[in-house]
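Enquirer: Could you build the full structure based on these sequences and the hints that come with them?
Counting in full-length UniProt numbering, the sequence shown runs from 1 upward without gaps.
None of these hints come from the bench; they were simulated from the model.
Watch out, some of these pointers could steer you wrong.
The following label-pair restraints were derived from C-beta to C-beta distances [stated by the list, open to error]:
hint: 1; residue 1: 80; residue 2: 185; range: 41 to 49 Å
hint: 2; residue 1: 161; residue 2: 241; range: 14 to 22 Å
hint: 3; residue 1: 175; residue 2: 200; range: 32 to 40 Å
hint: 4; residue 1: 131; residue 2: 235; range: 16 to 24 Å
Within a straight-line C-alpha distance of at most 25 Å, the following computed SDA-like cross-link-like pairs (lysine to any residue) qualify [claimed, not checked]:
hint: 5; residue 1: 24; residue 2: 115
hint: 6; residue 1: 23; residue 2: 67
hint: 7; residue 1: 209; residue 2: 219
hint: 8; residue 1: 200; residue 2: 41
hint: 9; residue 1: 153; residue 2: 230
hint: 10; residue 1: 24; residue 2: 191
hint: 11; residue 1: 200; residue 2: 90
hint: 12; residue 1: 23; residue 2: 231
hint: 13; residue 1: 24; residue 2: 185
hint: 14; residue 1: 24; residue 2: 249
hint: 15; residue 1: 200; residue 2: 92
hint: 16; residue 1: 200; residue 2: 95
hint: 17; residue 1: 24; residue 2: 244
hint: 18; residue 1: 23; residue 2: 125
hint: 19; residue 1: 153; residue 2: 82
hint: 20; residue 1: 248; residue 2: 164
hint: 21; residue 1: 24; residue 2: 227
hint: 22; residue 1: 248; residue 2: 236
hint: 23; residue 1: 24; residue 2: 70
hint: 24; residue 1: 153; residue 2: 212
hint: 25; residue 1: 23; residue 2: 70
hint: 26; residue 1: 24; residue 2: 133
As the structure is a computational prediction, the values presented were derived from the model and not from experiment.
Built from N, CA and C at the ideal position, the CB exists for glycine as well.
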Amino acid sequence: MSEHIRVSVADGVCTVAMHRPEKKNALTRDMYAGLAEAIERSAADPEIRCLLLTGTEEIFCAGNDIADFRSPRPLDDPNTPTPSRRFYFGLANFEKPVVAAVPGLAIGIGCTMLLHADIVYAAPEARFRLPFVDLGLVPELGASMLVPWLVGKHRAAELLLLGDFFDAAAAERMGFVNRILDRGELLPHAAATARALAQKPQEALRITKRLLRPDMPPMLARMEEERELIAERLRAPETQAIMAHVLKPKSTAR
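Expert: Encoded structure:
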């Protein structure tokens with residue numbers, strides 16, 4: 001398990017916290033492996049009946065670690081899937097309820113993973129962004145299908161093509177989050193919700209979750225398409241130039 005993924009289990013709830021505050025909880029392959037392991041364990045363990053995702057006190061997840069994301073990686077193989085693939089499809093196929101508590105920044109994957117949560121709470125300070133185009137990439141985790149499904153075609157185009165920040169109030173209006181709670185209340189309230197879900201009749205809960213979802217085969221196919229396109233984009237000169245600029249050391253004023 002990654003040192004930057006903290007997992008605890010109590011009262012039927014598996015709480016998974018991304019904890020790399022010095023990098024705003026940006027995800028590395030090692031962290032993806034830790035997240036995937038926690039999800040796979042939660043899916044297999046009948047004593048775990050709900051998953052709770054969170055970050056550190058002030059940050060949820062600032063997206064992928066660009067340096068790690070850009071470094072050479074093995075090609076996806078269904079027989080030996082990469083850590084990110086295990087996380088993406090593990091979360092998308094997770095049959096038990098997922099609650100998320102968002103205390104601050106939720107960018108890129110930090111935002112798209114929320115599309116696969118069932119109940120999302122956010123602090124007033126939370127800010128969200130889908131910056132894929134600005135990085136020379138395309139959406140991930142089914143966002144190109146799920147965002148229009150959630151907010152409508154034209155609003156989705158605004159969010160995904162422009163890639164601007166939006167705040168917690170806008171996220172609540174659009175349906176990205178259920179409720180805004182003060183940071184001090186956020187995790188306790190989310191944990192109480194997760195415990196309440198863990199006490200519900202489990203088979204009825206899972207069936208209802210399945211009925212609430214969009215049709216899964218097209219969504220999983222879209223996720224595959226997005227991953228293939230991201231792999232292509234990572235090799236594109238346009239994207240490589242953007243990422244080189246992002247990683248270029250910033251000069252310090254004297």
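Enquirer: Give a verdict on every hint.
Expert: Taking the hints in turn, this is what the structure says about them:
| no. | hint | result |
| --- | --- | --- |
| 1 | 80 <-> 185: 41 to 49 Å | holds (43 Å) |
| 2 | 161 <-> 241: 14 to 22 Å | holds (20 Å) |
| 3 | 175 <-> 200: 32 to 40 Å | violated (22 Å) |
| 4 | 131 <-> 235: 16 to 24 Å | holds (19 Å) |
| 5 | 24 <-> 115 | holds (20 Å) |
| 6 | 23 <-> 67 | holds (12 Å) |
| 7 | 209 <-> 219 | holds (15 Å) |
| 8 | 200 <-> 41 | holds (20 Å) |
| 9 | 153 <-> 230 | holds (22 Å) |
| 10 | 24 <-> 191 | holds (22 Å) |
| 11 | 200 <-> 90 | holds (22 Å) |
| 12 | 23 <-> 231 | holds (24 Å) |
| 13 | 24 <-> 185 | holds (21 Å) |
| 14 | 24 <-> 249 | holds (18 Å) |
| 15 | 200 <-> 92 | holds (21 Å) |
| 16 | 200 <-> 95 | holds (14 Å) |
| 17 | 24 <-> 244 | holds (20 Å) |
| 18 | 23 <-> 125 | holds (18 Å) |
| 19 | 153 <-> 82 | violated (31 Å) |
| 20 | 248 <-> 164 | holds (22 Å) |
| 21 | 24 <-> 227 | holds (24 Å) |
| 22 | 248 <-> 236 | holds (18 Å) |
| 23 | 24 <-> 70 | holds (18 Å) |
| 24 | 153 <-> 212 | holds (20 Å) |
| 25 | 23 <-> 70 | holds (16 Å) |
| 26 | 24 <-> 133 | holds (21 Å) |
Checked against the numbered hints listed earlier, the structure breaks hints 3 and 19; every other hint is satisfied.
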